[in-house]
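So the protein sequences, as listed, match chains L and U.
Going by my numbering, the first sequence opens with residue 1, and the numbers climb by one from there.
Going by my numbering, the second sequence opens with residue 310, and the numbers climb by one from there.
Rather than coming from a laboratory, the hints here were simulated on the basis of the structure.
Even for Gly, the Cβ is constructed at its ideal location relative to N, Cα and C.
It cannot be assumed that every hint is accurate.
To be verified - Covered stretches of chain U, going by a simulated chain L footprint (3 or more residues, C-beta under 8 Å): (1) 387-393; (2) 401-410.
As the list claims (entries may be wrong) - Cross-link-like lysine-lysine pairs, in silico, DSS-like; alpha carbons within 30 Å at most: (3) 444(U) x 227(L); (4) 418(U) x 436(U); (5) 227(L) x 481(U); (6) 227(L) x 418(U).
Claimed, not checked - Sample of chain U residues lacking proximity to chain L, with all beta carbon distances greater than 12 Å (derived): (7) 321; (8) 364; (9) 375; (10) 378; (11) 380; (12) 397; (13) 416; (14) 534.
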Amino acid sequence: MTMAASPSVLQRVSSALYLHPRLLLLLLLTPPLLWLGVIYLGSLFSLLLQSFFYIDHFSGAVVREFSLRTYRELFTASHMDIILRTTLMAAAVTLAAAAIAFPLGYYMVRYASMRMRAVLYLGVMLPLWSSYLVRVYAWKLILAKEGIVTWFAEQLHLLWLLNAILSIPVVGGPSLSISYIGTFMVFLYIWLPFMILPVVAALERVPRSLIEASADLGAHPRQTLRKVIFPLALPGIVAGSIFTFSLTLGDYIIPRIIGSSRPFIGQTVYQLQGVSGNIPLAAAFTVVPIVIMGVYLMVAKRMGAFNAL
Amino acid sequence: MSEGNRVAVSFASVSRVFGEVRAVDDVSFEVADGEFFSMLGPSGSGKTTCLRLIAGFEQPDAGRVTVHGKDVKGVPPYERDVNTVFQDYALFPHMSVYENVEYGLMIRKLPAAERRRQSEEMLELVKLSGLGGRKPSQLSGGQRQRVALARALINHPSVLLLDEPLGALDLKLREQMQDELKDLQRRVGITFIYVTHDQGEALAMSDRLAVFNHGRIEQIGTPGEIYEHPATAFVAGFVGVSNLCEGEFARRLTGSPRPFAIRPEKIAVLAADAPMPDNAISATGKVSSITYLGATTRYTVAVDGGQLTVVRQNSGDGGRTPAAGDTVRICFARDLVQSLKEDSA
Numbered sequence: 001m002t003m004a005a006s007p008s009v010l011q012r013v014s015s016a017l018y019l020h021p022r023l024l025l026l027l028l029l030t031p032p033l034l035w036l037g038v039i040y041l042g043s044l045f046s047l048l049l050q051s052f053f054y055i056d057h058f059s060g061a062v063v064r065e066f067s068l069r070t071y072r073e074l075f076t077a078s079h080m081d082i083i084l085r086t087t088l089m090a091a092a093v094t095l096a097a098a099a100i101a102f103p104l105g106y107y108m109v110r111y112a113s114m115r116m117r118a119v120l121y122l123g124v125m126l127p128l129w130s131s132y133l134v135r136v137y138a139w140k141l142i143l144a145k146e147g148i149v150t151w152f153a154e155q156l157h158l159l160w161l162l163n164a165i166l167s168i169p170v171v172g173g174p175s176l177s178i179s180y181i182g183t184f185m186v187f188l189y190i191w192l193p194f195m196i197l198p199v200v201a202a203l204e205r206v207p208r209s210l211i212e213a214s215a216d217l218g219a220h221p222r223q224t225l226r227k228v229i230f231p232l233a234l235p236g237i238v239a240g241s242i243f244t245f246s247l248t249l250g251d252y253i254i255p256r257i258i259g260s261s262r263p264f265i266g267q268t269v270y271q272l273q274g275v276s277g278n279i280p281l282a283a284a285f286t287v288v289p290i291v292i293m294g295v296y297l298m299v300a301k302r303m304g305a306f307n308a309l
Numbered sequence: 310m311s312e313g314n315r316v317a318v319s320f321a322s323v324s325r326v327f328g329e330v331r332a333v334d335d336v337s338f339e340v341a342d343g344e345f346f347s348m349l350g351p352s353g354s355g356k357t358t359c360l361r362l363i364a365g366f367e368q369p370d371a372g373r374v375t376v377h378g379k380d381v382k383g384v385p386p387y388e389r390d391v392n393t394v395f396q397d398y399a400l401f402p403h404m405s406v407y408e409n410v411e412y413g414l415m416i417r418k419l420p421a422a423e424r425r426r427q428s429e430e431m432l433e434l435v436k437l438s439g440l441g442g443r444k445p446s447q448l449s450g451g452q453r454q455r456v457a458l459a460r461a462l463i464n465h466p467s468v469l470l471l472d473e474p475l476g477a478l479d480l481k482l483r484e485q486m487q488d489e490l491k492d493l494q495r496r497v498g499i500t501f502i503y504v505t506h507d508q509g510e511a512l513a514m515s516d517r518l519a520v521f522n523h524g525r526i527e528q529i530g531t532p533g534e535i536y537e538h539p540a541t542a543f544v545a546g547f548v549g550v551s552n553l554c555e556g557e558f559a560r561r562l563t564g565s566p567r568p569f570a571i572r573p574e575k576i577a578v579l580a581a582d583a584p585m586p587d588n589a590i591s592a593t594g595k596v597s598s599i600t601y602l603g604a605t606t607r608y609t610v611a612v613d614g615g616q617l618t619v620v621r622q623n624s625g626d627g628g629r630t631p632a633a634g635d636t637v638r639i640c641f642a643r644d645l646v647q648s649l650k651e652d653s654a
């Protein structure tokens with residue numbers, strides 16, 4: 001009875017919150033909404049805004065008035081080259097990552113023992129725990145002309161094959177570490193976990209009984225894969241591809257360390273805002289991946305990638 | 310029920326072992342063509358594994374499984390002429406009801422118009438006309454169950470396997486679906502093999518049933534045979550309610566220590582001084598508890614050496630009803646006693 005007579009301040013606060021759940025919700029949601037709304041979306045919006053300003057090429061100063069001049073500059077041939085190069089690379093990395101992640105994920109979910117699964121999970125996650133730069137530089141050594149790949153090809157008497165691959169125009173180069181093939185391999189390595197994890201998560205949610213039902217109804221394993229497993233795993237593949245695609249679109253370190261010296265979007269943005277101080281054009285370049293991802297998601301939705309969600 | 314004596318499915322000394330567990334242990338039985346056959350047992354008794362052996366999801370470690378006379382060893386599920394209604398329905402969530410039902414036909418590459426015609430027919434059969442455009446997630450449990458049924462039946466399998474298909478439904482719907490399933494089976498004339506742990510369901514629907522325990526079949530028979538003449542203590546206890554009497558208690562009642570079962574509704578409760586009928590087994594005892602169950606009342610009567618459960622209809626015909634603490638005479642006809650095999654579980 002004494003409890004009811006003199007509730008402490010804390011008790012009074014907690015009963016007030018219990019009786020007014022909306023107040024509690026407001027208190028809990030305000031900090032994250034402020035973070036998301038002001039800092040996150042706000043900076044994105046200011047970025048968009050910047051892309052509609054332009055730079056005065058004589059004074060080098062940013063002119064703060066609305067204009068499409070910067071976008072006109074973006075659509076020049078040399079800039080389109082950069083965009084095309086980056087987009088193709090991102091697409092190639094995404095496709096290759098999906099092609100590796102799907103069978104691996106399927107094996108992990110359907111066949112691997114608990115122990116094997118843990119080992120594979122660790123194998124996928126472990127690279128994420130070490131520094132990104134260390135891994136990229138390690139790859140530079142691996143792919144260099146004096147590196148282990150060349151040595152291995154020599155031992156197997158396959159140097160001719162390596163050289164044949166390197167002599168392919170555009171994607172080849174003097175060595176793997178200074179070619180698009182090398183850039184592609186490192187991108188693929190670095191972003192692969194981001195494809196595997198969502199694909200595994202999606203495959204885990206396909207109950208075994210659906211696969212049995214498909215077989216029961218007369219479908220051969222290949223048909224089951226195409227009609228049941230793949231459509232149900234597609235949201236996971238799309239989720240993974242959002243990661244691999246957008247991360248490749250925005251990265252500026254890998255193509256700088258490994259690859260031919262031709263620039264990607266990320267490097268260009270880095271250079272425009274740092275060296276040239278052309279913030280509007282940097283902002284316009286940044287809008288490109290956002291638009292590409294938007295279009296990509298729209299197409300994916302139109303094709304029914306999210307029907308199984 | 311069987312049309313002629315053709316055998317739809319037969320098991321000959323079939324075993325299936327998972328590690329240390331003999332999930333199915335030397336099981337043999339035959340299911341006649343057109344029969345409604347149930348496999349009844351508690352969970353882990355091997356009934357579902359038997360079903361999966363017929364469907365082709367499992368392969369026997371020993372023995373022979375035949376479907377319509379053909380040994381199905383090594384035949385994958387997609388080459389078997391049987392279809393399954395899964396316990397969780399296993400409807401494809403990314404497909405509409407139409408697409409689900411038409412799945413088997415689509416795999417067999419039937420033209421789209423023909424597929425739609427047949428699926429409309431099937432949906433009408435399971436009373437789901439007009440819902441073809443919906444997604445499984447927009448259906449109730451009972452409706453999903455019917456879609457699963459239509460999806461299996463559209464392929465005109467020679468045997469339909471049903472794995473506890475009514476398990477997830479509430480009581481009222483389950484009873485309604487029992488009648489519908491039985492009716493459907495009569496109309497389509499397909500052999501149904503039905504797995505359930507619900508003895509009431511098995512008794513109500515089956516032409517014959519097999520009672521499973523620990524991977525073995527305890528008894529096979531018609532519902533009447535199983536209920537009236539349980540072969541083992543397990544069957545007597547699992548199918549319906551039984552008084553199981555053994556040892557000294559059995560000897561006091563019948564004069565022989567051989568274990569026996571007697572159904573609660575077969576026991577009469579008389580006044581303590583009532584004359585003993587001829588050729589009956591009888592004892593005096595005290596009513597220790599009374600439970601009112603609506604249609605019936607259950608009495609527990611403590612007699613010398615043990616206690617017996619008695620169930621009486623609440624017929625309301627004015628007969629004297631005993632009260633708790635009353636001394637009564639219980640008696641039952643000697644030929645209603647079911648002697649049990651001694652080695653049973």
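Provide an ascending list of the numbers of those earlier hints which the structure does not satisfy.
5, 8, 12, 13
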